[in-house]
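**Q** From first to last, the protein sequence lines are chains A and B. Taking the numbering used here, the leading residue of the first sequence gets 1, the next gets one more, and so forth. Taking the numbering used here, the leading residue of the second sequence gets 1001, the next gets one more, and so forth.
Worth flagging that the hints you see were computed from the coordinates, not collected in a lab. Misleading hints may appear alongside valid ones.
[Claimed, not checked] Derived coverage of chain B by chain A (criterion: at least 3 residues anywhere in the stretch with Cβ under 8 Å from a Cβ of chain A; other residues may be distant):
1) 1031–1040
2) 1195–1209
[Claimed, not checked] From chain A, some residues computed to sit far from chain B (all C-beta separations above 10 Å):
3) 19
4) 24
5) 57
6) 90
7) 94
8) 104
9) 132
10) 136
11) 146
12) 202
[Said to hold, decoys possible] Derived CB-CB ranges, DEER-like:
13) B/1277 - A/78: 57 to 67 Å
14) B/1173 - A/229: 40 to 50 Å
15) A/84 - B/1109: 20 to 30 Å
16) A/186 - B/1280: 41 to 51 Å
17) B/1176 - A/99: 53 to 63 Å
18) A/99 - B/1149: 49 to 59 Å
Beta carbons are placed, not taken as given, at the ideal position from N, Cα and C, and that holds for glycine.
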Amino acid sequence: MPDSPTHPAPLRISELTVRYGQTTAVADVSLDIPAGAITAIVGPSGCGKSSLLAALNRMTDLIPTAVVTGHVRVGDTDVYDVRTDVVALRRRVGMIFQRPNPFAMSVRRNVTLALREHGVSDRAILDAITERALRDVGLWDEVRDRLDRPATTLSGGQQQRLCIARAIALEPDVLLMDEPCSALDPIAAETVERHIASLRGRYTVVLVTHNLAQARRLADHTAVMWLHDGAGRIIEHGPTAAVFDTPTHDLTARYVRGLQG
Amino acid sequence: MSHTPTTRTMTPGKPGAMSRAATLDVAAALFAWGCAAIVTAAFAWLLIDVAWRGVGGLSWSFLVDEPSDAGRAGGVGPVVLSTLLILAVCMAVSVPLGLGAAALLAEFTRGDTRFARLVRRSLDVLAGVPSIVFGLFGNAFFCLALGMGYSILSGGLTLACMVLPILIRVTEQGMRDVPDAQRHAAAALGLSRTTTLLRVTLPAAMPALAVGLVLGVGRALAETAALIFTSGYVTRTPASLLDSGRSLSVHIYDLAMNVPGGETHASAAALLLIAVLLAINLLTNWITRRTHPGWH
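Given the sequences, and given the hints that come with them, work out the whole structure.
**A** So this is what it looks like as structure tokens:
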């Protein structure tokens, strides 16, 4: 298991709508997300970016009022098929949240808990995966002496990198990131950003951010979401350079120049 | 507003004059300190009083000997044993039941279902029911209907009924206070609901659980009315859970109210009871700290 390569999978979103009770958060979104690339979803606050992201690994299941219609395919898996095993799906599609949310347990247990749940019990293998995941986020040298200390004693940036390590330890095909740097100080954010960039090629990364500069630095592709008739829609998407330099939509042009949103 | 005298007294640069806000701050601080001091003093007084009267009667033989002369002489050995057995029965039943019910309320019912509301309302009512009512219920149900008679088992089960509401509500609140971010993290990693409960939510709710346990044990240990009719008041050493036995609180009550000249031994037994409570409190704290160092 530790040496198996990852298989970044493409995502195909078609006619996806997310409603919370009477409000529509995401309306009729269709988007192809290429495998192994970093795709940014940008747009002003409240335009449905996070809701769109949460619908991709069915975190919307946890919100009692949420109703999702449309289709999402991760590789060959139909996410909203009734036969789809949500636990297995979320193992393939990892998620990083805006605020670092390590478990209130040791650094090591944070990484190994889900691995044990998914059937890895050999201590040597667990140790190897833990070290590799922590090295991937540049945390190994910082925490190798305190693997058994509570994760809550780490700094905010370290906690966020631990959360990324915890997710990639499961060798997912896709990583969903919901504004992973916005709760961090600039230096910690820069470090986290550098490690996100290093994930390119190994995972399909979908990055929600309201930081346009970050999208421009990190993303191969960018999709712009906008609130239209009270619901979030994608108004433009394409290669990042094209979206920023030669936008076709008037709102996009104003948004990327900082005039709107 | 800016023309009222109040604002004038608040302007800085008048040495010696205290603004109204500062006076208020001092008054509030004095009040808060005063309240805390009164509460602490009341507890200290109680403790010193009991210790003063009881410490003379405490000895190793008092702890292990059988009572004689209706408790005026001898010790409390069988009473301590009965107390611990009743407590053990009570906890063995109420802790697993309490955890299960709390988990159901906090994790598996979506907030405000009719069923969850009904359970919560019942628990709140139960928590306020006078203990004598539990005693009579225990007597009618466990002693008579189920044929357990006056026994440690009947007493322990009656206490469990009494302790459960507190235990469940405190534990449920503790589980609810675990941030949703933890549950989201667990779900996003593909952890099942059961694993999330056992490995994430429950450990994070441990401190609250310990508080619930201490409150429950405290109530159980202090209980007299619920036990007189269920576990009885015979002072002999119980041979099994189906024998009757006298708990410490019943013993204290009996010595203080029914036995002239029993005050010294009553105080000694009361001191012992407080010591046991404190010991359980410290032990629970210690265990919580040891198993969950991140949570203090």
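**Q** Any of the earlier hints contradicted here, and which numbers?
**A** Hints 1, 5, 6, 7, 8 and 17 not satisfied by this model.
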